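**Student:** Chain residues, written in single-letter form:
Protein chains: 4
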Amino acid sequence: MTVIIRAVAEKDKEPWQRLYDGYHRYYERPDLPQSFFDQAFDRLIAKKPGDFIGLVAEDDGKLLGLTHYTYHAHLWRPEGVCYLQDLFTAEDARGKGVGRALIQAVYHAADAAGVPSVYWLTQEFNYAGRMLYDQVATRTPFIRYNRPL
Amino acid sequence: MTVIIRAVAEKDKEPWQRLYDGYHRYYERPDLPQSFFDQAFDRLIAKKPGDFIGLVAEDDGKLLGLTHYTYHAHLWRPEGVCYLQDLFTAEDARGKGVGRALIQAVYHAADAAGVPSVYWLTQEFNYAGRMLYDQVATRTPFIRYNRPL
Amino acid sequence: MTVIIRAVAEKDKEPWQRLYDGYHRYYERPDLPQSFFDQAFDRLIAKKPGDFIGLVAEDDGKLLGLTHYTYHAHLWRPEGVCYLQDLFTAEDARGKGVGRALIQAVYHAADAAGVPSVYWLTQEFNYAGRMLYDQVATRTPFIRYNRPL
Amino acid sequence: MTVIIRAVAEKDKEPWQRLYDGYHRYYERPDLPQSFFDQAFDRLIAKKPGDFIGLVAEDDGKLLGLTHYTYHAHLWRPEGVCYLQDLFTAEDARGKGVGRALIQAVYHAADAAGVPSVYWLTQEFNYAGRMLYDQVATRTPFIRYNRPL
Chain B
0 MTVIIRAVAE KDKEPWQRLY DGYHRYYERP DLPQSFFDQA FDRLIAKKPG
50 DFIGLVAEDD GKLLGLTHYT YHAHLWRPEG VCYLQDLFTA EDARGKGVGR
100 ALIQAVYHAA DAAGVPSVYW LTQEFNYAGR MLYDQVATRT PFIRYNRPL
Chain U
0 MTVIIRAVAE KDKEPWQRLY DGYHRYYERP DLPQSFFDQA FDRLIAKKPG
50 DFIGLVAEDD GKLLGLTHYT YHAHLWRPEG VCYLQDLFTA EDARGKGVGR
100 ALIQAVYHAA DAAGVPSVYW LTQEFNYAGR MLYDQVATRT PFIRYNRPL
Chain A
0 MTVIIRAVAE KDKEPWQRLY DGYHRYYERP DLPQSFFDQA FDRLIAKKPG
50 DFIGLVAEDD GKLLGLTHYT YHAHLWRPEG VCYLQDLFTA EDARGKGVGR
100 ALIQAVYHAA DAAGVPSVYW LTQEFNYAGR MLYDQVATRT PFIRYNRPL
Chain G
0 MTVIIRAVAE KDKEPWQRLY DGYHRYYERP DLPQSFFDQA FDRLIAKKPG
50 DFIGLVAEDD GKLLGLTHYT YHAHLWRPEG VCYLQDLFTA EDARGKGVGR
100 ALIQAVYHAA DAAGVPSVYW LTQEFNYAGR MLYDQVATRT PFIRYNRPL
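Chains as they are written, first to last, in numbering that gives the first Met the number 0: chain B, 0 to 148; chain U, 0 to 148; chain A, 0 to 148; chain G, 0 to 148.
With the rest of the complex left out, here is chain B:
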């Protein structure tokens, strides 16, 4: 398998949506409206500064995984930080290094952008993900609090 990591492109809409829907189903958000996917995809394609960048993992013309990241300000680091928000590998493509390749690609993109600090959040019980994350990143003692809405 030779996985290629590349920027998401207009032609990827359908397989990208299938993957992103799988991602949201994993987080128990099924039945998102089509407008949700349209809007997110348009933003990835628009490449507006400060907005999200999408990468996909492709093998033999098939999309196996995706990641979405952005940059934002950080008061202690003038160059800001890179926030990897979404990461997903198709179920039948797991265990082949797709997730790892996507994370590495974000690391490289962040270096190229001069913003080497990359972080992400994951649920404490995302065991499969954390098996990978423990190999390529450092678990911190930071936990997230949300305003109740």
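None of these hints come from the bench; they were simulated from the model. Each hint should be verified, as a subset may be incorrect.
Computed cross-link-like contacts, SDA-like style, restricted to lysine to any residue with a CA-CA straight-line distance of at most 25 angstroms [as the list claims (entries may be wrong)]: (1) B:Lys95 - G:Lys95; (2) B:Lys95 - G:Ala89; (3) A:Lys47 - G:Ala112; (4) A:Lys46 - A:Ala6; (5) U:Lys10 - U:Asp37; (6) U:Lys47 - B:Asp50; (7) G:Lys47 - A:Ala111; (8) B:Lys95 - G:Ala112; (9) B:Lys12 - U:Trp75; (10) G:Lys10 - A:Trp75; (11) B:Lys95 - G:Gly94; (12) G:Lys46 - A:Pro77; (13) B:Lys47 - U:Pro48; (14) U:Lys46 - B:His71.
Derived Cβ-Cβ restraints for the label pairs, each shown as a range [as the list claims (entries may be wrong)]: (15) U:Tyr25 - B:Gly94: 38 to 44 angstroms; (16) A:Gln84 - U:Ala8: 52 to 58 angstroms; (17) A:Ile3 - U:Pro32: 51 to 57 angstroms; (18) G:Pro77 - U:Pro29: 37 to 43 angstroms.
Values in this document were obtained by computation on a predicted structure and should not be read as measured data. Cβ coordinates follow ideal geometry from the N, Cα and C atoms, glycine included.
Got chain B; can you put chains U, A and G on it based on the hints?
**Tutor:** Below, chains U, A and G without anything else, positioned relative to chain B:
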């Protein structure tokens, strides 16, 4: 005590720095250079879009606490999210509602900005902070991973 | 304040029950029947091998706190381990070292029994307790699973 | 595969030791002396009241897994509790329900003993184990503190 929460202003540099230094000492980052504080303060005063906003808690002319927050993109929420990065209350002003008032002020500012989703990260063992956070926010199961640098 | 830590005695029934009830209310188990307290107290007084031992903290004739511990087998340690199950300080006696003195007393009793390994479990969000525990013990990464009943 | 769960027997010493050594290596305790295994095995065979009971999972004459449990006093439950201390499946027998069958066997034994409350502790980052535990047990918010020795 009548605490006023207001935007940080040029005249606050010295007491603001004392508070922000206390914050970094709490996180075991003592001896930060003066340039660190100069740069952070300049950014708070500059109010550049996408950069940090600073609020201070004042009582009878004395600064008792601070908070710094910013907005960043979120792929699932078109309006983005509000990230409350720093929160600190002077040690001799604890237990008087200063931290709570600062968080509430960020909530209100976020509402006014049309970005009601506010979140922050804290160390799992920040017991004193979490006693407050559990009252004004929701603990999530999300934990943070950092790229090793 | 000169707190004395001593074995629970027959005469302690009433103030002991008040403390133990406070402990169970903290864990959201109010309205336990009188038979529950009778049974537990009888066991502490009976001092049957393998059963629980009770200590109380007394100041000027008043009970301020309690702890209950037992010993049980451990397959890796021939001498077994000491399990500190209950620890409670009256609300108006907090912050005076009562909990610490009770834990230290269990440590000494365990040493005297030739079973130096002492452990206990606490809820992750027991912030007040953990402020103390972090000073006198080591947090482990072990979490508890229960059979659903 | 028809896995049989049965009490550990004298003839099992060699394969049992291989499994128990694998278990300790998982927890980064390699190179335990032979006396450690001799002593533990003797206790399992002796079946002394209050001491550990050992079960093994056998398939076609081969030992695939083990578990060791004991009973100890609990002040709130007159009948006591069942502590499942060790659980291990041979690496080449994973994913076949061996661990689950061993846990179920402990549940049944505990029921037969009139001590239905079964619990165990596991490291927060024991992802593979927790994938199973989340299916057969309830994660609690309890974490373990150890006396520093």
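**Student:** So, for every hint listed, does it hold in this structure?
**Tutor:** How the hints compare with the structure:
1. B:Lys95 - G:Lys95: Distance ~22 angstroms between lysine 95 (chain B) and lysine 95 (chain G) Cα, so the pair holds.
2. B:Lys95 - G:Ala89: Since the Cα atoms of lysine 95 (chain B) and alanine 89 (chain G) sit roughly 24 angstroms apart, the hinted pair holds (cutoff 25 angstroms).
3. A:Lys47 - G:Ala112: Roughly 20 angstroms separates the two Cα atoms, so the pair holds.
4. A:Lys46 - A:Ala6: Holds. Lysine 46 (chain A) to alanine 6 (chain A) sits at ~10 angstroms (cutoff 25 angstroms).
5. U:Lys10 - U:Asp37: holds (13 angstroms)
6. U:Lys47 - B:Asp50: holds (17 angstroms)
7. G:Lys47 - A:Ala111: With Cα atoms ~24 angstroms apart, lysine 47 (chain G) and alanine 111 (chain A) stay inside 25 angstroms; holds.
8. B:Lys95 - G:Ala112: violated (46 angstroms)
9. B:Lys12 - U:Trp75: holds (16 angstroms)
10. G:Lys10 - A:Trp75: holds (21 angstroms)
11. B:Lys95 - G:Gly94: holds (19 angstroms)
12. G:Lys46 - A:Pro77: Between lysine 46 (chain G) and proline 77 (chain A) the Cα gap is close to 14 angstroms, so the pair holds against 25 angstroms.
13. B:Lys47 - U:Pro48: Judged against 25 angstroms, a Cα distance of about 15 angstroms means the pair holds.
14. U:Lys46 - B:His71: holds (15 angstroms)
15. U:Tyr25 - B:Gly94: 38 to 44 angstroms: holds (42 angstroms)
16. A:Gln84 - U:Ala8: 52 to 58 angstroms: For glutamine 84 (chain A) and alanine 8 (chain U) the Cβ distance comes to about 55 angstroms; the hint holds.
17. A:Ile3 - U:Pro32: 51 to 57 angstroms: holds (52 angstroms)
18. G:Pro77 - U:Pro29: 37 to 43 angstroms: Taking Cβ atoms as reference, proline 77 (chain G) and proline 29 (chain U) lie about 54 angstroms apart, which means the hint is violated.
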